[in-house]
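Q: Single-letter residue listing:
6 protein chains.
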Amino acid sequence: MPNILLIKEIVKKALEEDLAGGDVTTEAMIPPDLGGQGVIKAREELFLAGLEVAREVFAALDPDISFRPEHEDGDELKEGEVVATLSGRARTLLTGERVALNFVQRLSGVATLTRRFVNLVQGTKATIVDTRKTTPGLRALEKYAVRVGGGQNHRHGLYDMYLIKDNHIATVGSIKEAVGRARRAASLAAKIEVETKTLQEVKEALEAEADVIMLDNMSLQEMEEAVAVVKGWALVEASGGINLENVRSIAETGVDFISVGGLTHSARAVDLSMDITPVED
Amino acid sequence: MPNILLIKEIVKKALEEDLAGGDVTTEAMIPPDLGGQGVIKAREELFLAGLEVAREVFAALDPDISFRPEHEDGDELKEGEVVATLSGRARTLLTGERVALNFVQRLSGVATLTRRFVNLVQGTKATIVDTRKTTPGLRALEKYAVRVGGGQNHRHGLYDMYLIKDNHIATVGSIKEAVGRARRAASLAAKIEVETKTLQEVKEALEAEADVIMLDNMSLQEMEEAVAVVKGWALVEASGGINLENVRSIAETGVDFISVGGLTHSARAVDLSMDITPVED
Amino acid sequence: MPNILLIKEIVKKALEEDLAGGDVTTEAMIPPDLGGQGVIKAREELFLAGLEVAREVFAALDPDISFRPEHEDGDELKEGEVVATLSGRARTLLTGERVALNFVQRLSGVATLTRRFVNLVQGTKATIVDTRKTTPGLRALEKYAVRVGGGQNHRHGLYDMYLIKDNHIATVGSIKEAVGRARRAASLAAKIEVETKTLQEVKEALEAEADVIMLDNMSLQEMEEAVAVVKGWALVEASGGINLENVRSIAETGVDFISVGGLTHSARAVDLSMDITPVED
Amino acid sequence: MPNILLIKEIVKKALEEDLAGGDVTTEAMIPPDLGGQGVIKAREELFLAGLEVAREVFAALDPDISFRPEHEDGDELKEGEVVATLSGRARTLLTGERVALNFVQRLSGVATLTRRFVNLVQGTKATIVDTRKTTPGLRALEKYAVRVGGGQNHRHGLYDMYLIKDNHIATVGSIKEAVGRARRAASLAAKIEVETKTLQEVKEALEAEADVIMLDNMSLQEMEEAVAVVKGWALVEASGGINLENVRSIAETGVDFISVGGLTHSARAVDLSMDITPVED
Amino acid sequence: MPNILLIKEIVKKALEEDLAGGDVTTEAMIPPDLGGQGVIKAREELFLAGLEVAREVFAALDPDISFRPEHEDGDELKEGEVVATLSGRARTLLTGERVALNFVQRLSGVATLTRRFVNLVQGTKATIVDTRKTTPGLRALEKYAVRVGGGQNHRHGLYDMYLIKDNHIATVGSIKEAVGRARRAASLAAKIEVETKTLQEVKEALEAEADVIMLDNMSLQEMEEAVAVVKGWALVEASGGINLENVRSIAETGVDFISVGGLTHSARAVDLSMDITPVED
Amino acid sequence: MPNILLIKEIVKKALEEDLAGGDVTTEAMIPPDLGGQGVIKAREELFLAGLEVAREVFAALDPDISFRPEHEDGDELKEGEVVATLSGRARTLLTGERVALNFVQRLSGVATLTRRFVNLVQGTKATIVDTRKTTPGLRALEKYAVRVGGGQNHRHGLYDMYLIKDNHIATVGSIKEAVGRARRAASLAAKIEVETKTLQEVKEALEAEADVIMLDNMSLQEMEEAVAVVKGWALVEASGGINLENVRSIAETGVDFISVGGLTHSARAVDLSMDITPVED
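Chains as they are written, first to last, in the numbering used here: chain F, 1 to 281; chain E, 1 to 281; chain C, 1 to 281; chain Z, 1 to 281; chain V, 1 to 281; chain P, 1 to 281.
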């Protein structure tokens, strides 16, 4: 879970863009003291993610809303199952509904798609990881949703790992030199990964003692050979053009990680609803 | 186009989440004064949206980057066509690449999907509009992308239009009373829309002089009857469960607007690349 | 009421500019645990607006302050009537007093002036509306105060309505073309208004199917003629040079709206006081 | 002049509240590359204040706008005189006009009212000063406008001076004790002022070596006596109920400062216009 | 104490830079509902400062943490003494520990060093004051710590006092002219100080009626002569090159203030620890 | 170097706290158009860090200041050497001086102290690294200064590495279990470190395949034994109570890293000056 301060800030921005001058309809219709109940339900099969973000949406508007989860992030829900029930001012429930659902639908969409990939590689040693192809402003939340779906995260940004690409190598002259420079500059915490396109480059990265070697758009056979060459002395990541059709065969080549940009950049939002009913005291 | 101050703020947040402590790899490899050229290309057929956001990404990092568009938002591109060329410090090009592409891929994805819907209703009087089911934090940009794709926008948030739903009606007692309250509260600028589920409700909304009447999840036949009842005295919007398969038949019922949540909540990111090559002075 | 997140942000800025390094006098004099009571009173006749903003001022400093309103926004108060009573730490009451009063005095000033205009047009069909001539940073609050005073709001900003002025018309060539462009660009939610200076322009705007027609600085007779021409097919707004002396005669021409910049840009702050007395446990 | 970073932040907030989703009318009508000229004029006699804020409004939208002042802050303008001329994109001129004028009209209103008070006390030793009764969020700008109008500033907030009021005195027991505490707590930079209601209190404040003694709502005769008692050993400030009618007689009592809340809380905005004309290349 | 809103903002920034994507170790190890106790202890002799900031660190993460101080700011602690005990979620205690200690260690370091200077000048009339050589972003807190340590503050920034240096004097021509300009521009609240390097300049500053005269890097004998010349008609501040070795002899020259940059720019953080133990319900 | 957006934000905060209502002295004395030159010099021997931050300070105030470095970060300077020369408006130079120096003095202080430690371990395999004991709000800059001084960084915060401490181990039951949990939760980029206090714990950490093993407050002999046990299969870090006196002997035990909290929490600011002279055109 990203830290609570970040979640609050993202929630605040989202509410501000929806609310601006206020929920004019609700203010004109609903008395300020009318109570209400809300029920959030799954409208299709899904893996839940982002429930605490929904809680924060309502809390930001009104600290008196009671938010009772029936499930937690990572649970698999059937169509019709209740996610959470809420009670408090009817106005707040109506005003917060859309923003809360927008978060949970997107994040559960990411978790659900991730889980499909994870299920497909079950029994192999491969772990599904994400990329930096995330929605601007929501990276921490989307990477969290990937973890909820059973995947792991690749680096969080340009700052927490060295990922040496062809441009970098071309500029400094060789993989060996590039890894050496990274090692000297790196924090104690940072790993070093090298992107490779050929078996020759895999060997160079291995000799340079890279922590992780990325096989970029290689064929299945090349990947198998690369895994054989590396023999566990470095971690191996398959990358490029991976989808639900080919992920299993890639996993069976023996790679340690498979990175899938689509987990975050093209996940379909899953369908959730929130029913709100007024409650007289 | 959302105002430039908002774009700059969104870009800043996106860069901050990717950069934090800096692009450690590039800083360790690429000399600060090495020049570079970048070419952004379409890797599939798409409608372009968000090019100015990409420009702002690089400008926020380095005012000296030259950014030369070869196309503008709204253009249809074939696979392989050049979107823009850039020149300046190689470091900046490498550091800004991913964030810039993340924006353009998502926004072009929204525009491209919108255009598919718009093409399908060509020749009818129906206009494709979006919803509030947008990515938290990116609403203004995504609504812009819908316009680029040939759609129009529904309300921007809870503040700029009255949209009276069943909960509101239940609380105040009748559609007539609800519209009356809205009219008294409304700014001179705000229109009033009523969500209806039956023909009876359509008639009540019409008598209450709603500006727009939403037909919520009605059958094709109900929609046709509703259009016949309204006779142009209000605008009519079809809503609920609309997809690429059924949008044409809905348009042919004679409704004025068709709102599609999927335009923004489930558009697939389109594929774009940026090739960067160092340039010696 | 603007959304609570916006109010909190405005309150925070206001406290920051007054407090900076702290309320040095109170800190040097008043023990941290000394209790206190505060009584906010009207010192002249006024229509109250902004009470919840005052509550937020004290809440931002100290969540333990009890704030008990004796009236609510929109109430008419006589000189000497109690607006609210507060209890809690004496330090907080002393520190928050000025900022809280600054808000309520200004907003009640706007509400009170608005009410004077509203009273003057009673019995006509005219509604008093505001303009964009608001205090930078306080627009949402001032527009709220106009509503509290019985007026309605014109557009909230450049974004929620099309208001076509002479410059726009000159550039595109004709009122007809201008309205057409606006209609094609407009969101489903946005109305279109045209500013006119002559009866001829009123007719063109009517033919172009503008939603609202502004009569800019017309004579009473021209306004009457314009109303006769429009015959209810569009809303008609009188604008320019309106004051307490001439508003009644303008209202009697039959216009729907009368916009008054002075409601917000030149309202006099009304006089309120807050008496604070220490309370021993 | 408040520091440039603060001005930029206030300008940004003001533009954001007006622009949000953009200037929809201008974007629909005015081609992006159309040039324009703008002329800002006084529409009544006024003392100018806030011109640099207006410049920042346009600069924030578009760095290419040329802004050429014909006058500077503090100048007295006759009706019809040109304040500044602008050139650049017509879109920017139209979009920034209202926010820029809102600033200059309010700040010039404060400067103009201040100057009326200052003129009335000419030839006496009294200096007109402001109070903390300023518009929330705009204090630094309004206090600047007071200086432009020939007044001086009282303290900027609760942090930069000790102002000991009756509540403080009641709590600590005596004026002497209160001033002593303030002196021990005060920074080297901070002066100490005591609010007095009787001649006896004036004497106590003098003995306690207050730097400034405020005469709160005293009669003219009491003020004269107070001035005689103090004999220049402390600065003397008249406060409470001061207006254009009584300010001269108060000044003639010999006080050093006269503080007027109305300078900022009730100044009428002065009238300025901006004419914009398109310019073909 | 700086105002609570500023403290909250500084705490938020500090937590954000430490937390970003969360406390990954604690989240992987510690169950969310496990309780814990924390004990903050002094690990060397020190004067405590910043305890309320530590409280805010934990409150920002989790409002349910109980924070019970055993001492308050300004207390002298021996090695091993308990500063405060905390209880609540073990996760929060672990996550907030370092940031909380970073604040208290630095601020107590400033207070402790200040106290050493203050003790050395005991019995003289000299007061130890700080400078603007503070840590960027932490000025208000560090100046608070100086007060806690028994010192007083010099001006808070460039805005709350006039400090006329050689450059200013050179530009306007003479000390007399410089002080005159300052007096005309100054708010009622602002004092005027002149930096002097010779006895001749001290005399000029005195004649110009400066409120404070700074003796910049003068010898002990020059300082004594300056004090004799000024005779109490202005406050006198010694400045430049002051340390624990020479501060006593400087104080004995009779100056009113001694300013020491090292109080804030070079204070050593004192040593504090926080022991955390899990608590089963 | 931290990313430029972060630097700009930190600089903005620092200027805001110093400037608030403006540099009142300079505004009263120095004509707006007077030119000036500034020379920043070292007043003692030092390793330079933070020069680009100084540049940003002046750029934030005034884009027209010319800033010409004579040295770059990492250079060793003798007393009296010129760091940079500036030219532009005299006002800007005077106003920005203190904030700019505050940054460079602190960061150069960190770099200089780091270099002393680095020099002491020359010829051993040990690398000097920092800790999270940094100044709140300045971590990224201080960690940069450590790198400039020849050290490397430990983790940047709680988010980019797993650091398993005694509390974590106690809660999950064993080092083995703790490392296992971390491995399952970890991103591909994150390393895992275990804090150990005994040789037995070192062995357990090694068996659990920790990436880094921290020797917490061990004796020299224990460290030697630990290094012998680990035999290069993990990285070894010495931590706790390290100073300039004992760092060499610790380095000679063969550890890979030595972490020193004092690099950032107790570095003395080095002495730099900026001389400013007016320049007539």
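Bear in mind the hints are in silico, worked out from the structure with no lab data behind them. Even for Gly, the Cβ is constructed at its ideal location relative to N, Cα and C. Take these hints with a grain of salt, some might be off.
As a list, the in silico DSS-like pairs of lysine-lysine whose alpha-carbon atoms are at most 30 Å apart [unchecked claim]:
1. LYS41(Z) / LYS197(C)
2. LYS197(C) / LYS12(E)
3. LYS231(C) / LYS165(C)
4. LYS12(F) / LYS13(V)
5. LYS231(E) / LYS197(E)
Residues from chain F that keep clear of chain V, each with C-beta distances beyond 12 Å, as calculated [unchecked claim]:
6. ASN3
7. ILE65
8. ASN153
9. HIS156
10. GLY157
11. MET223
12. VAL229
13. LEU235
14. GLY241
15. ASN246
16. ARG248
17. ASP256
One-sided excerpt, in silico: chain P residues whose CB lies under 8 Å from chain E [stated by the list, open to error]:
18. VAL121
19. ALA140
20. HIS156
Q: Now tell me if each hint is right for this structure.
A: Each hint tested on the structure:
1. LYS41(Z) / LYS197(C): Distance of about 21 Å is within 30 Å: holds.
2. LYS197(C) / LYS12(E): With a Cα-Cα distance of about 44 Å, the restraint between LYS197(C) and LYS12(E) is violated, given a limit of 30 Å.
3. LYS231(C) / LYS165(C): Holds: LYS231(C) and LYS165(C) sit about 22 Å apart, inside 30 Å.
4. LYS12(F) / LYS13(V): With Cα atoms ~17 Å apart, LYS12(F) and LYS13(V) stay inside 30 Å; holds.
5. LYS231(E) / LYS197(E): The given pair, whose Cα atoms are some 18 Å apart, holds under the 30 Å limit.
6. ASN3: ASN3(F) not clear of chain V: closest Cβ-Cβ about 4 Å, inside 12 Å.
7. ILE65: ILE65(F) is indeed farther than 12 Å from all Cβ atoms of chain V, at 15 Å.
8. ASN153: With a cut-off of 12 Å, ASN153(F) comes too close to chain V, as the shortest Cβ separation is near 9 Å.
9. HIS156: For HIS156(F), whose nearest Cβ neighbour in chain V is about 6 Å away, the distance does not exceed 12 Å, so it is violated.
10. GLY157: violated, 9 Å
11. MET223: For MET223(F), whose nearest Cβ neighbour in chain V is about 30 Å away, the distance exceeds 12 Å, so it holds.
12. VAL229: holds, 32 Å
13. LEU235: holds, 18 Å
14. GLY241: For GLY241(F), whose nearest Cβ neighbour in chain V is about 28 Å away, the distance exceeds 12 Å, so it holds.
15. ASN246: The assertion about ASN246(F) holds, with a minimum of 30 Å to chain V.
16. ARG248: holds, 29 Å
17. ASP256: holds, 19 Å
18. VAL121: violated, 22 Å
19. ALA140: holds, 6 Å
20. HIS156: holds, 6 Å
The structure is inconsistent with the numbered hints 2, 6, 8, 9, 10 and 18, although it conforms to all the rest.
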